[in-house]
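One-letter residues, chain by chain:
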Amino acid sequence: MRTLRGIAPAVSEALDQEMANNPEVFVLGDDVSHWGARFGFTGGLQEKYGRGRVIDAPAGGQNVLGLAAGAATTGLRPVVALISGDFLGTGFDQIYDHIATVNYLSGGQVRMPVTIVVAVGGGYGGGAQLSQMRYGLFAHAPGVKVVVPSTAYDAKGLTTTALADPNPVIIFGHRLLTGQPGVPFEGEDEDVPEDPYSIPFGLAAVRREGSDVTIVATAATVRRSVRAAAHLAEYDISAEVVDVRTLVPLDTDTIVASARKTGRVLVVDEDYQSFGTTGELTFRIQAGAFDRLTAPVRRVAVPDVPIPYSEPLEQAVIPNVERIFDEARSLAGVSARAS
Amino acid sequence: MVWRPEPSAEDLAVRIAEAGLEQGSLLEMYRTMCLIRVFEEAIRDRYWAGKTPDFNIAAGPIRGLIHLAVGQEAVAVGACTPLREADVVVSTHRAHHHALAKGVDPTRLAAEIFGKVTGLSRGKGGELHLFDRNRRFLTSGVVGTSFAQATGAAFGFQYRGERNVVVMFTGEGAANHGAFAEALNTASLWQLPLVVVIEDNLYAGSVPKWGTQAVNQHYQRAQSHNIPAYLVDGMDVIDVYEATESAIGRARDGYGPTVVEAVCYRYRGHFEGDPGGYRSRQEEETWERLDPIPRLGRRLEQLGWAGDETRTAVRRMAAEEAIQAVKVAEKSPLPNPAEALQGVFA
Ligand SMILES: Cc1ncc(C[n+]2csc(CCOP(=O)(O)OP(=O)(O)O)c2C)c(N)n1
Ligand SMILES: [Mg+2]
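Protein chains in written order, with UniProt numbering: chain H, 1 to 339; chain E, 1 to 346.
In isolation and in its complexed conformation, chain H is listed as follows:
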């Protein structure tokens, strides 16, 4: 064990350990060599594996993601790292119509073991095109696994799992959890094993136990929810925080079990509110816990506006500890339905 700061060194360590064992793994993307994909997810790899395996590709998502798809069909294990999840748009079709679907459409003949790592999330003045989450868009596509780590420990273990998975996986790493110098850090220094390990997909984690209200969250909002829960405790409200960890596959059982226990659920998400993650989670919660819910499920997400640049506007839309606290407190105070 030693201490790691943030999910970025955790992801790069997992990549490193897989690359050491498996010559088929290579890394492709923007600024992946010198700058470790800017937010550190591929940091240090070029020095170790050289430019033949850690490759700055000519710009263009269509090019990079299509190339990864093609390489995967020959048995390679491409890792595509982009500076921002917002840039996936330039290769959207390659993911949505090919990387995601070809295993199915080929009747299982052609696999797409492509791992994509992108930085997402706002709260640092990045402006819309460098702040959006948009993982819900990709979780929506059948055939893509979606990883949304909130801790360094998870980031390493889930990346290792991604690299062993025969399917495409996108790892959405929140910028404010990367632990990179110069970027605000909402995580904590953590003890992370040096030896390789993996964490199975589809297992949510209960980050804090509670009995009055369940807060279901992903990535940075998990950290914010844990802080809000500590604050709620001061008001004698016992909040349970469930970290989704992977959106696809989704651990409905753990989420529903918590919902059944507390009867009140707040879903928190930094992605856009409508037609996305919070709606899907809420559907599953009501389907599995309807008879135990004592209040309608609530949500805190980014209202349906692009992430604005100016600080007061940005702070008004990105879910923060205060908004989570307020909503959870109000939810806990709703009188129970007569049963």
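If you're looking for bench data, these hints aren't it; they were derived computationally from the structure.
A portion of the hints provided could be inaccurate.
Across the chosen pairs, the derived CB separations fall in these ranges [what the hints assert, rightly or not]: (1) 343(E) - 209(H): 38 to 46 Å; (2) 333(E) - 73(H): 52 to 60 Å; (3) 342(E) - 333(H): 29 to 37 Å; (4) 193(H) - 44(E): 42 to 50 Å; (5) 280(E) - 198(H): 40 to 48 Å; (6) 315(H) - 280(E): 56 to 64 Å; (7) 322(H) - 298(E): 32 to 40 Å; (8) 23(H) - 323(E): 52 to 60 Å; (9) 93(H) - 307(E): 56 to 64 Å; (10) 315(H) - 163(E): 44 to 52 Å; (11) 55(E) - 22(H): 33 to 41 Å.
If you want the footprint, here are the derived chain E segments under chain H, 3+ residues with CB under 8 Å [unchecked claim]: (12) 19–32; (13) 123–134; (14) 146–152; (15) 201–208; (16) 334–342.
Think of the CB as a built atom: it goes at the ideal place given N, C-alpha and C, for glycine as much as any other residue.
Since the structure of chain H is provided, determine the placement of chain E with the ligands on it from the hints.
Using the frame of chain H, we list chain E with the ligands on its own:
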């Protein structure tokens, strides 16, 4: 820098006359380049306020990323000087110099960079998303995605029979996107009034162009689409002006698109806070000697159009304008948080 003979005073006078430039227009180009330089330096200064000694991207009066164009002033000014107000400029993530050269108000530009309600977009867009409808100025923060939009704007002019032109800027890195070829094909096929200006500053982020381009220059690619193309010295505003002026004239007269590739250099990092290390000091010094502003200054001197005193006065005036703009912008109010929820739909 494109190596070519430095003209004698006499040759220079001939060249200038052939380009249709006069004392007033050349001095105005000098002024705008100085304005851009000082504007960028003032923004840089305010960006670093609150970020030293420990850099924090979210601290200080300007948060987030900024991409300065110090060193690239000649490309923006050379290419925008022949434009009219109704012409469109489609710019990139590195956009301040293009905006100022297109006549965007420096105070409103700076205010947007500070995220103020007096900014071009009331603080909603920020540095990466600069728009000015009146000045017909557009950008995108997603690299390589504006080519077809520029083609579309040019199509709009052609469709409506308006004799306006679109100047589309791109970095040499962004031009590797497939959409670049798509735009050239469409613009050539339909003979659209489009002038593509490639700012080849040799790097895309930390990546030198030899690592990502199969050919050293992009302008040759235009020729394969039957588009005339120029390779110009992007550190020489006269060179840039000559090529773009005739390209813009042809586009306006219905003779279709042109590609102008201007070889240049950015004097600062890719963004402020760029850790560097990927360019040699020696390379940087070589390019610093080619600084486009003193270079134009020497030519004004050679032509007998502006001596030391005049140039100093012009520089001072431009500097005052830029510094004042940044000051006023910084003192302006922030938007009300309630504005965050307004304006998604028109
Ligand atoms: C689609 C997309 N990929 C990556 C980026 C990150 N990025 C911002 S600027 C840049 C380099 C652009 O290089 P170039 O086009 O040469 O312009 P320059 O920065 O040199 O002016 C990159 C990769 C982006 N903004 N959009
Ligand atoms: Mg460049």
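Against the structure, the hints:
no. : hint                        : in the structure
1   : 343(E) - 209(H): 38 to 46 Å : holds (42 Å)
2   : 333(E) - 73(H): 52 to 60 Å  : holds (56 Å)
3   : 342(E) - 333(H): 29 to 37 Å : holds (30 Å)
4   : 193(H) - 44(E): 42 to 50 Å  : holds (43 Å)
5   : 280(E) - 198(H): 40 to 48 Å : holds (42 Å)
6   : 315(H) - 280(E): 56 to 64 Å : violated (42 Å)
7   : 322(H) - 298(E): 32 to 40 Å : violated (59 Å)
8   : 23(H) - 323(E): 52 to 60 Å  : holds (57 Å)
9   : 93(H) - 307(E): 56 to 64 Å  : holds (59 Å)
10  : 315(H) - 163(E): 44 to 52 Å : holds (46 Å)
11  : 55(E) - 22(H): 33 to 41 Å   : holds (36 Å)
12  : 19–32                       : violated (count 0)
13  : 123–134                     : holds (count 7)
14  : 146–152                     : violated (count 0)
15  : 201–208                     : holds (count 4)
16  : 334–342                     : holds (count 8)
Violated hints for the displayed structure, listed by number in ascending order: 6, 7, 12 and 14.
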